[in-house]
Each structure stands twice: as structure tokens, then as C-alpha cells.
Amino acid sequence: MAYSGGKDCTLCLDRMIRQGHEPVALYTTVTKRGFNYNHGIRKEVFKKYEEHLGIPVVFCETEELHNEDDMYKTLSEAISKYKAEAVCTGDIYREDVAAWNRHLAERLGIDLLTPLWNEKSEDILNEVLERGYKFLIKAVKTDYLSEDYIGREINKDLIEEFKKKGMDICGEDGEYHSITVDGPIFKTPMKIKFKTPIVGGGRAMSDVILED
105 MAYSGGKDCT
115 LCLDRMIRQG
125 HEPVALYTTV
135 TKRGFNYNHG
145 IRKEVFKKYE
155 EHLGIPVVFC
165 ETEELHNEDD
175 MYKTLSEAIS
185 KYKAEAVCTG
195 DIYREDVAAW
205 NRHLAERLGI
215 DLLTPLWNEK
225 SEDILNEVLE
235 RGYKFLIKAV
245 KTDYLSEDYI
255 GREINKDLIE
265 EFKKKGMDIC
275 GEDGEYHSIT
285 VDGPIFKTPM
295 KIKFKTPIVG
305 GGRAMSDVIL
315 ED
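Our numbering numbers the first residue of the sequence shown as 105 and each following residue consecutively.
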């Protein structure tokens, strides 16, 4: 499972488990400094996901997000180690992202599953909430949301605010990124603390540290 820590991939994981599939590993791409791309979540937080979800995490450390050779090497080793039969991603409608994932899956010779593909953003968000997941805003594009939104729990009231701003309410175009801390597939809630957001370059992002 390509896992960023956000709500969409968590819903994918939830669905796949309910359908009877066995998750053998989570996968994320991290910078040399140890933060995953886009969401900016520390490796030690991902290591904690191993405990809370009961699934091992595979890290691809690379100097750029879409370094195909680094990703191919890491994924091919993981597929062999865990005997994976498919790779799953949380793509919704971004064809450029989906095309990249299809290309990599073809090179790896493995099936690519995209459970959320072409679903309505509102339906996805409602399902995540109805399933009882708790997810917080981790980073934002400041053209859409100010840094004051960081750390807020996403709920139906906040979704209405998103609609009024004319943005994709799932943040599929990077309007925001989330971090999931609790829900049905969690053994126990994950306790985190948000640090002061860093603002610049049209983005705002907060580092999070573990409290437990």
C-alpha cells in the first residue's frame, strides 16, 4: 500500500482489508532528512504506524519524489520480500499521477489497484468520516488555506468551508495534506503534537512529533 499517512490512502487500506485482502507492507518515499514527500511526516512517526496498524513500513530514501530507479529498486525488493501480489494507491482523479503509478507498476510487473479512482471527493470524505477515522490537516497551500488551518481535525463543518473556497475538498490538487491518527484499523490512537508551522513558497507545513 502506497501510504502517505493521509486520509485517502487510509481509506484505501480500510477498504482492501474489509474486502479480504491482506496488507503485507506500507510504502512511502522519504527525503534524505527523513521526512516523507508532500506530507512531511517524520520516519519515526511512520515507524509508530507500524505499531498502531500492525503493518511493516518500507521506506524509499531518495533525493527527488519521482526518482524511478530508486523507487523501482525499493519496491522490487519489497515485493519479493513480502510476496506482494499487487500495489495499491489512493489516486482519485489526477491522471498525471495515475499514469506515473501505472508506468512504475508495469515496470515492476505487478497489478496496480486504485480503489478511489474517479469517485466523488465528497463521497470519499464522507466515507472516511462515517468509518470513524480521525485525521488532521498537516500542510496547506496558502492560496486556499492559511496556516491557521494546520492541526484542525477535518469534519463536516470544515468540509463546508472547503466548498465555499472553491477547492477540491479532498485536497487532490495539493490544497492540503492530512495525517490520520485513529480509526477502525488502528490498534490504539496515535498521539501527536504539532510544532509551529513553517510558511513560505505558497505553502505552510507543520512538523509533528510523537507524544506517546
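No lab work stands behind these hints: they were computed from the structure. The reader is advised that the hints may include incorrect statements.
As the list claims (entries may be wrong) - What follows is a set of in silico ranges between Cβ atoms, one per label pair, in the way DEER data are often shown:
id, residue 1, residue 2, range
1, K268, R211, 37 to 45 angstroms
2, P160, D286, 18 to 26 angstroms
3, V201, K269, 16 to 24 angstroms
4, N222, K267, 16 to 24 angstroms
5, E126, E265, 36 to 44 angstroms
6, V201, P293, 12 to 20 angstroms
To be verified - With a Cα cut of at most 25 angstroms, we get these calculated DSS-like pairs of lysine-lysine:
id, residue 1, residue 2
7, K268, K295
8, K136, K299
9, K151, K295
10, K267, K238
11, K238, K295
Cβ atoms here follow ideal geometry from the backbone N, Cα and C, with glycine treated the same way.
Go ahead and decide if the range 18 to 26 angstroms is satisfied by the Cβ distance of P160 to D286. holds (20 angstroms)
Determine whether the Cβ-Cβ distance between V201 and P293 falls within the hinted range of 12 to 20 angstroms. violated (30 angstroms)
Between N222 and K267, does the beta-carbon spacing fit 16 to 24 angstroms? holds (20 angstroms)
Indicate whether the distance between the beta carbons of V201 and K269 respects the range 16 to 24 angstroms. holds (22 angstroms)
For the range 36 to 44 angstroms, tell me whether the beta carbons of E126 and E265 fit it or not. With a Cβ separation near 38 angstroms, E126 and E265 satisfy 36 to 44 angstroms, so the hint holds.
Measure nothing beyond the straight line between the CA atoms of K136 and K299; if it is 25 angstroms or shorter, mark the hint as holding. Within the cut-off at roughly 21 angstroms; holds.
Does K295 sit within 25 angstroms of K238, going by the straight-line distance between their CA atoms? holds (11 angstroms)
Given the proposed pairing of K151 with K295, does the C-alpha separation stay at or below 25 angstroms? holds (13 angstroms)
Satisfaction of the hinted span 37 to 45 angstroms by the C-beta atoms belonging to K268 and R211: holds (42 angstroms)
Regarding the pair K268 and K295, is the alpha-carbon distance no greater than 25 angstroms? Violated, at roughly 31 angstroms.
Given hint K238 paired with K267 - CA-CA distance at most 25 angstroms: holds (20 angstroms)
Figure legend: structure checked against the earlier numbered hints; hints not met, in rising order: 6 and 7.
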